[in-house]
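Peer 1: Here the protein sequences line up with chains A and B, keeping their order.
Heads up: the first sequence is residues 355 to 930, going by this note's numbering.
Heads up: the second sequence is residues 5 to 289, going by this note's numbering.
Hints may be right or wrong, so weigh each one.
EDC-like, lysine to aspartate or glutamate: derived pairs with alpha carbons at most 16 Å apart [as the list claims (entries may be wrong)]: (1) B:K286 to A:E365; (2) B:K286 to A:D531; (3) A:K459 to A:D531; (4) B:K276 to A:E589; (5) B:K286 to A:D730; (6) A:K455 to A:E433.
If we take Cβ atoms under 8 Å as the criterion, some of the chain A residues that face chain B in the derived model are [said to hold, decoys possible]: (7) D547; (8) L629; (9) E632.
One-sided and incomplete, this derived list gives chain B residues near chain A with beta-carbon spacing under 7 Å [as the list claims (entries may be wrong)]: (10) G23; (11) I31; (12) N60; (13) Y66; (14) N86; (15) M89; (16) H107; (17) L130; (18) L223; (19) L272; (20) I284.
Calculated from the structure, these hints are not laboratory results.
All residues carry an ideal CB built from backbone N, CA and C; glycine is no exception.
For reference, the chains in residue letters:
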Amino acid sequence: MSDFTWLIGGEAGFGIMTTGVVFSKITTRSGYHIFDYVEYPSLIRGGHNAYEVHVSDQDVSHLSPSIDILVCLNKETYEKHKSRLTAKSLVVFDNQEFEIKEDIKKIIIPFKKILTDLKGQSIMKNTIALGASLGLLGGDIDELIKVISEQFSKKGEEVINFNKQFVQAGYEIVKKDYKEKILNYLVKKQGEDKLVLTGNDAFSLGSVIADARFYAAYPMTPSSTVLTDLAAWQEKVGMVVRHAEDEISVINTAIGVSFAGVRSSVGTSGGGFALMVESLSFSGITEIPIVVFIAQRPGPATGMPTWTEQGDLLFSVFSGHGEFEKIVLAPGDNEEMIELTAKAYNLADIYQMPVIVMSDMYLSESHKSVTKKFVDDFIKNYKINRGKLIRNPESVINKLNNKYLRYKLTEDGISERLVPGTPGYFYQANSYEHLEDGHTSEDAQPRLQQVDKRARKWATYLKNDFVLPNIYGDLDKSEIIFVSWGSTKGIVLQAQKLLEAQGKNSAFIHFNHIYPLDKEKVKSLFLKDKKYILVENNSWGQFGKLLTMETGVEIKEKILRYDGRPITAEEIINII
Amino acid sequence: MNTSTIQDFSGYNPTWCPGCGDWGIGIAIKQALIQLGLSPSAVAAVFGIGCSGNMNDFLNAYAIHSLHGRALPNAIGIKIANHKMPVIAIVGDGDCYGEGGNHLIHACRGNHDITVIVHDNGVYGLTTGQVAPTAQKGFKSKSTPNGILETPINPLALTITSGATFVAQSFAGDALHSIAMIKAGIVHKGFSVINILQPCVTFNKVNTYQYYLKRAYKLDGNYQKSDFKTAVQKSLEINEEKFPLGIIYQTEKPTYTDQLLQLKENTLVEKKRFTDFDKIAKLFI
């Protein structure tokens, strides 16, 4: 059975990120599953980049505490990560560049000499390192050459062949000098086709599946790759992507598009979302659907742009002035990201309100392999539901005065939404409080009617579309019950496995439908006389507070991490 | 085909002050739409917040009554979704030149095919008379009791130099000329701005009908509206409190949606759904 971690580190700006993705793709093409994670400072050059890939036979969505192969393109990589080495770990480096005094298993690759001999640029150290890594793992060099050929296909045969030499140089040194150290962790085997996706890629894919035709954003880490993904695909999929002048324009363009009858969304991080919230409230009262993707990073203000935190939960839940309804979802991994993103567009259309999909740097920028079958099956089963969007108002008009009422009072709180341009009719979407026909009104009665109508949409949602948290393990048989939300899912699942290995049963309540919550149904999960432990990547225990506010449930024990790094399963076990 | 009437376009009765320049602008917009053969079903209108934005209840169309300052991005969005529909934004000077100033600059750059009709009265009427960005330096108002320290914005020069392809100015007291300008703006393919000088009879005792009648003049037939440098030069006259009326600048450039290949065949709202998902999936294998 294979389960190992490979980490490559070096100076920022020298291709570490690309190399990491190539490694992940070779691994999945060889039949394995991956979960990876990047560490990088908010700089383009200088500083330290590290890319680690956790490879397994099984589906995996957490990091491992130890590193099996550490590839050091500079000394800092070794110093920063040596604490995670075990007696079995292999360390790849060039002793012409720096010395390692400790007694470890050294794999010396003469990067410098190879570059000089083959007249390569320093970025090609990565290519040598990939060849050497594959050699050490008993992997298939042809697979690597194939990925590299695809990567440089536009640049022509010459560039491909030039790069091949560096792959081969690294690979052959290992085969020649370190034969006895080769670990057969990556022997090619049959496996399903897999997609190597980040959470951001999964959001982008989910949006295309859901027939979203417009996306707007202003670049902001860690959400920016949604913008670059969709911008790259736009002509292929027939979407329009607008990089607007600021986040206020971003959301208001999307609201205009949505008003005109087209599914649209925006993406940002906490700071950008702060600029959008007035317009979120505007979407609330005008009942214009909008999907908002938030990839959180540690705040306040500029905070720590390239690190992770779940610190914007309460801000998102309560974002916007005035009382208006919204739905907040927080996928736990890539599969849930695809499902809940596509669902978010349906919910926005059905309930005609903003729907927020929450991620964070850890989920947004880590790759996790997802089987192609999962994606294909999801596409097959997904049904677009545009709710009460109509193109022919004949059946809904008031027969007495032939009037179409955009904000008609209904039992479920949802009124028919007419596609603008429909001949013979017109209406206005009004940011002022309004009458059923959309006209401005400050009278008491219509105000009460419209507030109550909008509130009924939540009741309808809780009845028809709210989903209770997923429960992993047996609530009755476990002493310990973990509670978490969003991206911490894979980490807590791993903690459960580690506890099981110690003979301890645990259960796990994982929320991905965050807000609103069904008070009675949720409360019933917390009535057992057990040790409930809240796990969150923030310092306030924000979901715990929300749970108390919405249901009266209070979780006393908390495991919180807020140094910008993801919580780990080992940390959870050690605290217990 | 011209079948619509003033009644078709008229919603509720306006609540503007008697004598307000908005009455003239309101009529001019409706007349322009009628003369262009449009019906309320065939036009999208986005209103800002202010006395001007209150036209939302008086003008029938597929409309959004937006937030203060945000009408332009809403209008751009509607145009992207349905580029065959005429889209107008009806905004105020505080709304468009103050709160929404950033959107204006970038909407000009994008040459989005929308028509922006600005009610320029130098004050914030709806909040009872604070100073607006177009007021002359030294203008005394409730928020600037000693006179405004800033110099006024020059909306003509700003939009011309930011990339607008149609910039005009008219006077609310001259409905026929305003109709002509609004029609020309809507017909123009690209970003069009019509700055309408509009007396606020309640809160602005300086920029009155008399004030504009003395200082405004119509451009004659010899004026070269397509020459950029001439237009910039002309637009600077308002810094000296001289107000040219007419099309100050007009040129032809591809609009934002003209440049989108994915909109060549059909509008975004009418397109068929994309379903060849393997094209995307294969990027990740």
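Peer 1: Are the hints correct? Go through all of them and say.
Peer 2: Going through the hints against the structure:
no.	hint	verdict
1	B:K286 to A:E365	violated (31 Å)
2	B:K286 to A:D531	violated (37 Å)
3	A:K459 to A:D531	holds (13 Å)
4	B:K276 to A:E589	holds (14 Å)
5	B:K286 to A:D730	holds (12 Å)
6	A:K455 to A:E433	holds (12 Å)
7	D547	holds (6 Å)
8	L629	violated (11 Å)
9	E632	holds (6 Å)
10	G23	violated (23 Å)
11	I31	violated (19 Å)
12	N60	holds (6 Å)
13	Y66	holds (4 Å)
14	N86	holds (5 Å)
15	M89	holds (6 Å)
16	H107	holds (5 Å)
17	L130	violated (12 Å)
18	L223	violated (31 Å)
19	L272	holds (5 Å)
20	I284	holds (6 Å)
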